[in-house]
Structure formats: structure tokens, C-alpha cells
Amino acid sequence: MIRTSHLTSDSAACCWIPLFALRCETARRPELASQSCALLAPDHPRPPRVWQVSALARHAGVKPGMTVSQAIGLCPSLKLCEPDPVHYDERFAQLLTALAGVCPVVEPVELGRTFVGTDGLEGLYGSPERIVDQIRLRIADCGLRIGSSGVESAIRVGWGRGKFVAWVAANRARPGEAVIVRPGEEGRFLASQPLGVLPLDPDTYRRLRQLGIKTLGALAALPEDAVVSQFGRPGRQLWQLAAGRISEPVAGRVAPEPIIAALTFFSPVAGQELLELALDHLIERALKDPRRSGWRVQVMRARAELEQGASWLVETRLKEPSASRERLLAPLKTQLERSPPAGAVERLAVEFTGFAPGTTELQLFARDANAAARAGRRRALQSAAEEIKLRIKRPMLYHVIAVQPWSRLPERRYALIDYET
Amino acid sequence: MRHETDRLRALNVPQRVQVELDEQRRPRVVMREPGNVKRVESLGENWRMDDEWWRQPIVRRYVEVVLEGGGRVVLFEDLITGEWFVQT
Numbered sequence: 088m089i090r091t092s093h094l095t096s097d098s099a100a101c102c103w104i105p106l107f108a109l110r111c112e113t114a115r116r117p118e119l120a121s122q123s124c125a126l127l128a129p130d131h132p133r134p135p136r137v138w139q140v141s142a143l144a145r146h147a148g149v150k151p152g153m154t155v156s157q158a159i160g161l162c163p164s165l166k167l168c169e170p171d172p173v174h175y176d177e178r179f180a181q182l183l184t185a186l187a188g189v190c191p192v193v194e195p196v197e198l199g200r201t202f203v204g205t206d207g208l209e210g211l212y213g214s215p216e217r218i219v220d221q222i223r224l225r226i227a228d229c230g231l232r233i234g235s236s237g238v239e240s241a242i243r244v245g246w247g248r249g250k251f252v253a254w255v256a257a258n259r260a261r262p263g264e265a266v267i268v269r270p271g272e273e274g275r276f277l278a279s280q281p282l283g284v285l286p287l288d289p290d291t292y293r294r295l296r297q298l299g300i301k302t303l304g305a306l307a308a309l310p311e312d313a314v315v316s317q318f319g320r321p322g323r324q325l326w327q328l329a330a331g332r333i334s335e336p337v338a339g340r341v342a343p344e345p346i347i348a349a350l351t352f353f354s355p356v357a358g359q360e361l362l363e364l365a366l367d368h369l370i371e372r373a374l375k376d377p378r379r380s381g382w383r384v385q386v387m388r389a390r391a392e393l394e395q396g397a398s399w400l401v402e403t404r405l406k407e408p409s410a411s412r413e414r415l416l417a418p419l420k421t422q423l424e425r426s427p428p429a430g431a432v433e434r435l436a437v438e439f440t441g442f443a444p445g446t447t448e449l450q451l452f453a454r455d456a457n458a459a460a461r462a463g464r465r466r467a468l469q470s471a472a473e474e475i476k477l478r479i480k481r482p483m484l485y486h487v488i489a490v491q492p493w494s495r496l497p498e499r500r501y502a503l504i505d506y507e508t
Numbered sequence: 076m077r078h079e080t081d082r083l084r085a086l087n088v089p090q091r092v093q094v095e096l097d098e099q100r101r102p103r104v105v106m107r108e109p110g111n112v113k114r115v116e117s118l119g120e121n122w123r124m125d126d127e128w129w130r131q132p133i134v135r136r137y138v139e140v141v142l143e144g145g146g147r148v149v150l151f152e153d154l155i156t157g158e159w160f161v162q163t
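Taken in sequence, the protein lines are chains A and B.
The numbering used here applies: residue 88 is where the first sequence begins, and numbers increase by one.
The numbering used here applies: residue 76 is where the second sequence begins, and numbers increase by one.
By construction, these hints were calculated from the structure, which means they are not laboratory data.
Please note that the accuracy of each hint is not assured.
For lysine to any residue, the following SDA-like pairs were computed, each having C-alpha atoms within a straight-line distance of at most 20 Å [said to hold, decoys possible]:
{"id": "1", "chain 1": "A", "residue 1": "Lys-480", "chain 2": "B", "residue 2": "Arg-84"}
{"id": "2", "chain 1": "A", "residue 1": "Lys-301", "chain 2": "A", "residue 2": "Glu-311"}
{"id": "3", "chain 1": "A", "residue 1": "Lys-150", "chain 2": "A", "residue 2": "Ser-164"}
{"id": "4", "chain 1": "A", "residue 1": "Lys-476", "chain 2": "B", "residue 2": "Arg-84"}
{"id": "5", "chain 1": "A", "residue 1": "Lys-406", "chain 2": "A", "residue 2": "Leu-416"}
{"id": "6", "chain 1": "B", "residue 1": "Lys-113", "chain 2": "B", "residue 2": "Glu-98"}
Start from the sequences, fold in the hints, and give me the full structure.
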């Protein structure tokens with residue numbers, strides 16, 4: 088991985104896969120493709136709300152943010168799925184790793200949407216079209232499956248100067264295609280775009296529409312001062328975006344230097360159990376290092392200094408980068424069992440040497456202990472549910488969901504739904 | 076094909092029971108199934124509920140009772156069909 092202190096780029100490619108989480112779910116469970124389905128919001132357990140909605144469900148009137156009872160009222164055959172944010176993060180990290188192969192300047196925004204800095208790539212690949220082709224090629228080769236087909240048919244790419252232009256271009260692109268906005272064409276391109284591409288709150292959007300403003304061109308045609316006097320400081324930013332006056336560069340993140348956690352024993356240790364415990368403790372310490380926040384570990388080593396000057400070293404490369412202690416410990420434990428140190432250990436160290444970028448959600452996961460605990464519990468429940476299903480041949484775990492909690496009829500208030508694994 | 080609605084199982088669905096009433100139409104004996112017959116020890120709150128008059132009217136008379144042995148249950152009489160149910 089290239090490390091530089093100035094990972095920024097003025098020209099940007101925006102790669103966008105709408106409904107990324109839902110598509111990940113459909114790739115895992117192909118039967119969902121032909122059904123009206125929706126994912127429940129991971130951060131809104133009570134009352135549960137709908138997060139991402141399939142086209143069939145949308146056609147029936149289901150919209151993100153609705154409560155489950157509203158959604159089922161509109162679409163009785165709606166299939167509700169429990170979200171698995173860790174799985175979606177892992178899939179997205181796979182995509183980001185592929186993009187980092189084109190250019191190290193990668194800035195993830197949200198699940199399914201990321202910017203890639205493309206400054207200087209023309210020397211390697213040529214015109215913006217070639218750069219975009221290269222990006223799409225890398226994405227197609229990364230093996231990620233999205234929805235019922237490969238990722239290349241779902242991803243939309245936009246290229247332009249600055250993140251906003253690239254994002255609007257990706258927004259206008261058809262699935263599997265790209266829109267390129269050449270330098271100097273930004274103003275003309277933006278002028279015809281609808282207001283919805285701006286980062287507007289619903290109230291501002293409504294007020295602008297009431298003023299008869301429907302496109303960025305119409306907004307940019309107003310005097311900047313007039314927009315500022317109506318909408319304050321955010322108004323200035325909106326006007327400048329609409330007029331193509333702001334060109335925010337893509338800012339990549341510098342991958343952290345190796346993170347090392349070490350432990351010197353009072354007296355040399357030879358017991359395997361004690362060494363496993365020590366590894367577990369060291370992994371936990373290394374994960375807590377603030378430099379690790381926002382990154383998943385892909386490559387790690389365990390090193391030991393043995394009695395009489397000998398040493399021991401094992402390295403493991405995770406197929407799927409992880410920030411989970413258990414997942415990191417498992418391969419090291421296996422290596423410890425297969426090829427244990429040849430003597431008693433005086434000093435043991437764990438090193439994280441390779442990292443894969445994570446998403447904003449991932450950073451939240453790493454920082455928010457409660458969210459991490461929730462994800463851990465969900466995984467534990469999932470494996471328990473799978474085991475029960477295997478043994479009893481039918482699901483025995485259910486969620487209680489509020490259907491019509493306000494109903495005067497007790498039997499209409501709550502319902503059980505299968506705990507999906 | 077199984078629909079999602081089939082997979083939603085309502086909680087607290089009323090269970091049909093046989094109820095013997097006294098002369099004031101108050102529950103005296105409750106039979107959940109043959110052989111499971113319990114005498115009503117005492118009566119608690121009672122209330123009436125009218126709902127969905129605009130389509131299929133639902134009219135229920137709820138009675139809270141304590142059965143012999145100490146079990147507390149909520150019974151209701153469907154005032155349209157005259158059937159009795161238990162619903163906790």
C-alpha cells in the first residue's frame with residue numbers, strides 16, 4: 088500500500104451502487120430477487136423501521152423510514168430482512184480494496200458510495216474514459232457479487248473535477264455505465280440537473296420549490312447574496328455548488344504504520360493455553376490503538392522471543408479483513424497449534440501490518456462499543472439459530488415486532504417473525 | 076408459495092374456551108379443554124370494547140377472573156357470536 092502524507096486529488100471518480108446493503112442480501116439469498124422485500128434499519132430497533140426497499144416493494148408504496156406496520160399495511164406480501172451491517176461492511180471493504188489497486192486516494196462516503204482520486208492516472212491509463220474503464224475492470228475482477236449478477240452491471244460511475252460534480256455525474260449514469268464531465272463543462276452539465284442532487288434538508292428543498300426553482304441552473308442564476316439572505320450560510324454553499332464554484336478534492340487516508348502490542352513474561356512460558364490467552368489479550372490491545380480506527384486488519388504477525396536467543400514468527404493474511412478480536416485470533420491460534428514455538432517464550436508480540444479501508448459505518452462500529460456489542464450478539468444469535476434450524480429442521484427463534492401497537496385489539500399489536508439467518 | 080404474511084404470527088391470539096355462567100351472566104366455570112376445568116374464585120375488572128364498526132364490527136365484553144389455584148386470566152365474550160375466549 089502506498090503511503091504518502093498528501094493523499095488528495097482534484098479530479099474524482101464517484102463509484103455508486105444504490106441499495107448496496109439490499110443488493111448484498113439478494114446476492115446471499117437469490118430468492119429475494121423475485122419478491123417484495125425490505126431491510127430493517129440497523130440503528131432503529133424500536134420501533135423497527137424500513138431502511139432499504141426493493142423495486143417491487145417500492146412499487147407497492149413502501150418507502151424507507153416507514154414503520155413495519157405501515158409497510159406491511161401497504162404491501163402484505165412484504166418480506167422483511169434483518170440487517171447484517173458487518174457483512175455489508177465486509178463486502179464494501181472488498182470493493183474499496185479493489186479500488187485502492189487503481190489509486191490509493193480512496194474516500195468512502197457511505198455503504199455503496201465512494202470517491203476515487205484520479206489525479207495523475209492519465210499518465211498510466213490515458214483519457215478519463217480509460218481511467219473509468221480501468222476502475223470498472225478492477226471492480227469486475229474483485230469477485231464481489233451484488234444482487235443477482237456481478238457488481239459491474241450495478242455500479243454507476245461519474246467522473247469530473249471535484250467530488251460534487253463526480254457525484255452528480257454518477258447519479259445521472261445508468262446502472263453499469265459512466266458519465267464523464269470534462270473540465271470546463273461543469274457549469275453546463277450542472278445547470279440542467281434537478282435540485283435533488285444538492286445536499287438539501289426537506290424544508291430548504293420545499294422552500295426552493297415554492298420559489299419556482301427546479302434546477303441547479305435556476306438556483307445559480309439568482310444573485311448569491313439573495314440566496315444567502317434567505318438561507319444563511321448553508322445557502323452560500325448550495326449556491327456555490329450549483330454554480331460549480333466549489334471543487335472539493337478527494338481526500339484519501341494514510342494507512343496506519345504497523346501497530347504492535349507486546350508482552351514480556353515474568354518467567355518463560357511454554358503452555359499453549361497461556362500463549363493463546365496472551366495472544367487474545369495482545370490482539371485486544373492492538374485493536375484499541377486509536378490509529379486503527381476506521382481500518383480493518385488484513386495482515387498480522389505473531390512474534391516470540393524464546394529462551395536461549397531463538398525466535399518464532401507466524402504471519403497470517405485474512406481473506407476478509409476484520410476488526411473483530413475473535414476473527415483475528417482464530418488463524419493465529421491455528422498456526423500456534425500447527426507450528427508451536429520450539430521453546431519457552433520470554434516475550435510475545437502481535438503486529439498488525441496490513442490494513443484495508445473501512446466505511447464511515449465501520450468507523451462507528453470500531454468506536455461505538457455498544458454497536459460492536461450488538462453486532463457480536465447478532466452474530467452469536469445467528470449461529471445459534473442456524474444450529475437450531477439444522478437440528479430441529481425448522482426455525483425456532485423469532486423476533487417480536489410491533490405491528491399495530493396502538494390497536495385496541497391485543498392480538499393485533501405484536502407479532503412474531505422468523506429470525507432469519 | 077409462502078407469503079411473508081404467513082410468516083408473521085400474531086401474538087396473544089384469543090383461545091376459545093367454554094364458560095359456564097351464573098344467573099347474572101358472570102363466568103362461574105372455565106373449561107379450556109376437556110379435563111381442564113377450573114372454577115372461578117373471584118371476579119376482577121370488566122370492560123367492554125367496540126371496534127371496527129365501519130366494516131366487521133367487533134364487540135367484546137372482557138372480564139378479569141382469578142381461577143381456582145390462583146391463575147389470573149382475562150376472558151372475553153364475543154357479543155356478536157356469543158363465544159368465549161381467553162386472552163392474557
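Okay, the hints, checked on the actual structure:
Simply put, Lys-480 of chain A and Arg-84 of chain B have alpha-carbon atoms about 19 Å apart, close enough for the 20 Å limit, and the pair holds. Between Lys-301 of chain A and Glu-311 of chain A the CA atoms are separated by roughly 17 Å; this keeps the pair inside 20 Å, and the hint holds. Restraint check for Lys-150 of chain A and Ser-164 of chain A: satisfied, since their Cα atoms lie roughly 15 Å apart, inside the 20 Å limit. Between Lys-476 of chain A and Arg-84 of chain B the alpha-carbon distance is near 18 Å, which keeps this suggested pair within the 20 Å criterion.
Annotation: proposed proximity of Lys-406 of chain A to Leu-416 of chain A holds, straight-line Cα distance about 14 Å (limit 20 Å). Restraint check: the Cα-Cα separation between Lys-113 of chain B and Glu-98 of chain B comes to about 18 Å, which is no more than 20 Å; the hinted pair holds.
Consistency with the previously given hints is maintained throughout, with no hint failing.
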